[in-house]
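J.: As a plain string of letters, each chain reads:
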Amino acid sequence: MKKQVLVLFLWLGTVVSLIAQRTISGTITDDKKEPLIGASVLVKGTSTGTVSDVSGAFSFTIPSNSSTLIISYTGYASKEIAIGASNTYNVMLEQEAIDLTDIVIVGYGTQSKKELTGSVSKVTSETIARLPVTGVDQALQGQAPGVQVTSASGTPGASVSIRVRGPSSISAGNQPLYVVDGIPINTGNYSQIGVGGQQTNALADLNPADIESIDILKDAAAASIYGSRASNGVVIITTKRGKQQKTQITLNTYYGTQEVWKTIDPLTGPEYVALLQEGVKARYGATVIPSQLGLRNLDADPSTYPSTNWFNEIFQSAPISQTDLNFSGGTDRTKFFVSGSVFDQGGVVKGSSFNRYSFRMNLDNLVTDKFKIGVSTGFSRSHNTRIQNDNNIYGVLSTALLLGSHIPVLNADGTYGRDANASIENPVANAVEPTYDVYTNRLLSNIYGELTLLEGLTFRTSFSVDYLNLRDDRFTPASHIQAAGVNGRGEQGITSDLNLVNENYFAYRKAFGKLNLDALAGNSVQTSQFESLYGVGENYPGKTIRELNAASVKKDVTSSKSAWGLNSYFSRLNMNWAGKYFISGSVRADGSSRFGANNRWGVFPSASAAWRMSEENFFPKSKILSEVKLKASWGRRGNQDIANFASRALIAPGANYLQRAGLAPTQLGNPNLTWEEREDIDLGLEIGLFESKLQLTVDAYQGTTNQLLLNRPLVGASGFTGIQENIGSIRNKGIDIGLSTTNVETKNVLWTTNFNISFFDNEILKLAGTPFAAGFASWVAEGEALGSFRGYRTVGIFQTQAEIDALDKKAKELTGRTTAVYQSTLTRPGDIQFKDINNDGVITSDDQEILGDANPNYYGGITNNIQAYGFDLSFFFQYSIGNFVFNNTRAFSEGMNGVFGQANTVKSRWTPQNTNTTMPRAVFGDPNNNRRVSDRFVEDASYVRLKNVTLGYTFPAKLLEKIKMRSARIYVTGQNLLTFTDYSGFDPEVSTFGETNTAPGTDFLTFPQSRSLLFGLNIGF
Amino acid sequence: MVIAAFGFFQACDNNLELEPYTALDASVGFKTKQDVDAALLGAYNAIQSSNYFGLQLQVLPDLYADNINHTGTFPTYAQIFNRQVLADNTNIGGLWNQVYIGVNRANNVIASVPSVKDPSFNANNAIGEARLLRAFHYFNLVTLFGGSPAGYNKAGGLGVPIYTVPTLSAEDAAPKARASEEEVWKLILEDIDFAVANLVTTNGNGRANKNVALALKARVHAVRNEWALADAAASEVINSKRHTLLTGANYQNIWLSQNSTEAIWELQFDINNTNSIAFWYYPTANGGRNEFTSSNSLRDAHEAGDIRRVVNVSTAPANKTIKYTRINGIDNVLLIRLAEMHLIRAEAYANLNKTSESLAELNIIRKRAGLSDATETTSAGLINAILKERRVEFAHEGLRWLDLRRTGRWNAAGLTEDFRSRWPIPLREVQTSAGLITQNTGY
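So the sequences go chain by chain: A and B. Residue numbers for the first sequence follow the working numbering, so the first one is 1 and each next one is one higher. Residue numbers for the second sequence follow the working numbering, so the first one is 1 and each next one is one higher.
Take these hints with a grain of salt, some might be off.
Said to hold, decoys possible - One side of the interface only, derived from the structure: several residues of chain A facing chain B at Cβ under 8 Å: (1) S560; (2) P665; (3) L765; (4) G769; (5) G816.
As the list claims (entries may be wrong) - Within a straight-line C-alpha distance of at most 30 Å, the following computed DSSO-like cross-link-like pairs (lysine-lysine) qualify: (6) K354/B to K766/A; (7) K33/B to K561/A; (8) K176/B to K561/A; (9) K33/A to K243/A; (10) K555/A to K33/B; (11) K154/B to K812/A; (12) K354/B to K154/B.
These aren't lab readings, by the way, just hints derived from the structure by calculation. Just so it is clear, the structure is predicted and the values come from calculations on it, not from any experiment. The C-beta atom is built at its ideal place from N, Cα and C for all residues, glycine as well.
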């Protein structure tokens, strides 16, 4: 490569000849006569030029034979001025008609929206800036049609699920490809320690304040240029770059507090003990007391027990703040953007937090008029303080729900209160005692050189690195029960991932009369090297020294290494005739190390066309209907997001015995393993009304993913439970609608509305074998949507023993077995009757059916922005309608089966006196299994949420000039102020399994999202 | 430059030819003495899984019988404890899969040994170890999932699918129907007989040797009600004099000291190869999970003065067992020990109407437990006394349910429905085989 760069420099050497000269001068202003600072003045056909100063004035020496000046300024139409006899030229530039937001960034290039034949949504920096979020992924929620964003929880720095046009895979990844300044980056969880469903999120390393725009490539026409990684869409993130202007200094800062917006009311201590005693009697007889079952400390009069509301002990009001400072500016030849930022978020559950420092420098330089170089570099350091969460008996929130309220926070002797009958640690101990810190260093850097070979023809080469280094640092002292048995336990891990990319491509853009041509051809090579190291220490001298060196026992030391490589060739051709007829085609060939030797290369083509009907002569010129565009696209794209060596038959180490190394076969090979292939068609319509004050886009699509990478189940008797094969098929179809309107536009008032709504339908067409269960209640089956829930149906509550006896009698008749019973021999009045779906007289696992699914019928958002007399008000609602959540939390908090804390909803339980209820009786051990997975716990979790309200005031520029300020704005923001939902849990937007394909929409003791109120300030110099 | 750039990429073709760092490609296979040694260790390792004797195989049968109560949070354990097992119970599914993983590992060893040409390699001993392990696996499978409600070796008993060659490809993994019970026993006995004939007499702690094979043979014949054969095998172990019973205060040291002279086959754990048995038993305050507790019925099954009571129903922590006390996971697991040989012999004599010999054997165990001699005189009385003795001798070792099953007394565990005497074949297995593997009726 070194050699190439050298050649490049030599090749670009220019020769300047010295001839007669003269000096010219002038000023450059905008249409309001305001001076334009830093505008470029260039003698056409030469590199001779200058820039205007703070008063818009310029003066420089030109060769006497110069004929034309080119005056240019970003955002303004360039002008060419003939050089005559005069030595003074005052030039007024007009703002360019094309708004920058009309430019969308597509793979390896840009296109104007008018030219677009594919489906791309853009989210701009203004939108992102308004939202106080940790990561860019959260900022996308509700902003773009066809892009479904679900925060799995309120855990700081944790995962977010993004589905572009539905889930397209069952066992490979479902998250889109993220490309930051041309770097396809690593995403996901890199921590080596699992603490529940909520994991770390490598996207949180990116500072949203540095982002200029996010472009989401949704359909195959737009995305398939990214080939084998594009099936879930591509999110192209472009960071801010300098402009040709005087250096601007911008300071943005906000500070606020967050709180949970809803809590669950538990039983009091006395109520809890009374319930437990009632349950024991119901099961074992009216004279039996808990101690006879070995249950301790539960025999006394319930009223004598203390009462602790654990939620009050673990929820807190937590601060959130961000400050970023950036410098941006440049000359006609060199532009820069430099920023630094600090983000700090406390958790509303004690013991959790996230903070991040980040720095960025983006630089562009014109080495010569034909050779441009640049760099985009961002570095961040984040510190995530984690707690155990969700499905975990040491989780802070989990135990707040699971531990009975009759236990005090601290005993009289100062030790933590614990339930002798349960394995659950004290929630406060869970929050306070263990420490778990994750530190991530992340470098994203890209350098490029771009050479203009001919008019319209450029060659660009870039080298990029994405380096992630993560350290896990966890310690559990002996004072916490999890490490009590081993006298303190420490775990430390280091993970790194080095991702290197080289890309090279030619781009050609030229008009031949009415034919406009835009062509691209290039290749890329990417390699990713993963390494990790991990060790455990036990038996510590107290809890002050927490490093492994203090542990007397060191164990479970492991290291791992893995890699993947991707070689690609890609090409695209866009053509249009007179801005009326557009056609576009692209193709990418990808070779991946992840696939079997027989099927390593894949080809991903796409084709699309558009017709701007409104440009036709026959189209009536009207002020009402100003733009009509029809488009259609087809394409194929792939998914290679599986384990690096999934195609290989493997024998793995680690099957040790007698302290000697053993080996064991762990995986069957499949040399034919290859991509998942998604094939899409998209039909679109774009309409502009009232001079584009109302813009409507409608896209209808159908995408089918075939050769799904599935683990085909094998009989366990073979010694393996599955093999990776390309078998299944899944289909998404839907309609995405976006509507943006300018409702009022006067000199002092601007009111705009953006609305989007997406309908989609997902169906699994083919699986590798039998349906399979996932999560707690999720069911993956042909003909059903991915994310379906399956379980039993409730009929009602048995009111009398006679009802039960009648069903048991029928069970004996239908089965011919004298011992058969309908549900359980221990079913009694007050228990739930489940539905005998297959009518065989007995309730078995066959009596389960689909109870709903986690996918919404439709989702979207609506944003209103009003600017008037310096004030700005925006309110943003986000919604998801028709999605179900399996509330497994209630299977515990309303289980009444054992020693777990109970919600106060169980007060409505069935008793002989209170029979008109849907809540079953309390019975210890729950022999009827009332709390099995059933429609009891599958809840409609539709919601509409006032995600964000911001009210700001921008001080008048005239006032600020006096104190030498460029701009100043103060604002107040409320996040998640209102949520309208019937869902009974903490939060309807929930996923206890984090970013999961197969078990979304499950709630189990999940960290809820918070409501926050912030004050902020933006100032510029 | 452009040409140079493209040239750069051609050089990157090896970017696609990567080798795994953390595993061997299976094409390398098991070919050398070291490979097969490692594969054999891997075959033992299969038993250590928490889905096998690293937890489930001693706990689930005792939980399903009457020795252990469920006091924890897992609904799948609750199902087993409530004797309301469903075919999709994940504990039972995991156990089935793990035992068959063991079968496949053993099959890999058996198939690979002939390719080792090293003269220093004791090929028949290696095959003997692998076949003994395979016999042990099929014994566990057929006794839990097969047989008939009346016991084993009865007409029409059900077996399990038999795999005797390693699974190396998807084709090898094709489902097979269940063999008959008798076919499974035939394989078990052939494997054991090979092991008896070929295993060395000493093989270090934790590995199979000739006495392990004989002891398993005794257990197999006992389960099959073949008492003369059971007596012969048990007697050969006892008469080898290579094992002795630990008596008095020393009894606890079978577990507390580990690798005692009473052990015939003791599964070895170490700090880097741990189990979580004590963790799952132990109460929260001791750093455990409190999932399992000794039942009152087990406590009450001890006669006054029985030194085993405190072992089976510990006092500190309350109601656990001192058979599993190392919360850091290094408790060894006793798979077979000498006391079982005496009690098998006692039961054999009782069944063979040698009542006085039977009583003498029984009293060896009672005496060591600090109890007075039994005085039973009838075979039936002796058998009852022996089963009672076995319950307290082998509590928490996974033999209780087997005793109830083989004697057809499973209703003692509170079961009323015949079909529940066999565990369900995991639902997944029935579905994946498209019904080729038939479910036990009732599930």
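J.: Run every hint past the structure and note whether it holds.
T.: Results for each hint:
Nearest Cβ of chain B to the Cβ of S560/A: about 5 Å, under the 8 Å cut. The hint holds. At its closest, the beta carbon of P665/A sits 6 Å from a beta carbon of chain B; the interface hint therefore holds under the 8 Å criterion. Hint on L765/A is violated. Least Cβ distance to chain B is approximately 19 Å, over the 8 Å limit. Taken as an interface hint, G769/A checks out: its beta carbon lies about 6 Å from the nearest beta carbon of chain B, inside 8 Å.
Given the 8 Å rule on beta carbons, the hint for G816/A is violated: about 11 Å separates it from the nearest Cβ of chain B. A hinted pair counts as satisfied when its Cα atoms are at most 30 Å apart, and K354/B with K766/A does not qualify at roughly 65 Å. Pair hint K33/B plus K561/A holds up; C-alpha atoms about 27 Å apart against a cutoff of 30 Å. Simply put, K176/B and K561/A have alpha-carbon atoms about 38 Å apart, too far for the 30 Å limit, and the pair is violated.
For the suggested pair K33/A and K243/A, the alpha carbons sit about 21 Å apart, so the restraint of at most 30 Å is met. The hinted pair formed by K555/A and K33/B meets the criterion: a straight-line CA distance of about 28 Å does not exceed 30 Å. A distance of roughly 27 Å separates the Cα atoms of K154/B and K812/A; the hinted pair therefore holds under the 30 Å criterion. With a C-alpha separation of about 24 Å, the suggested pair K354/B and K154/B falls inside the 30 Å cut-off, and the hint holds.
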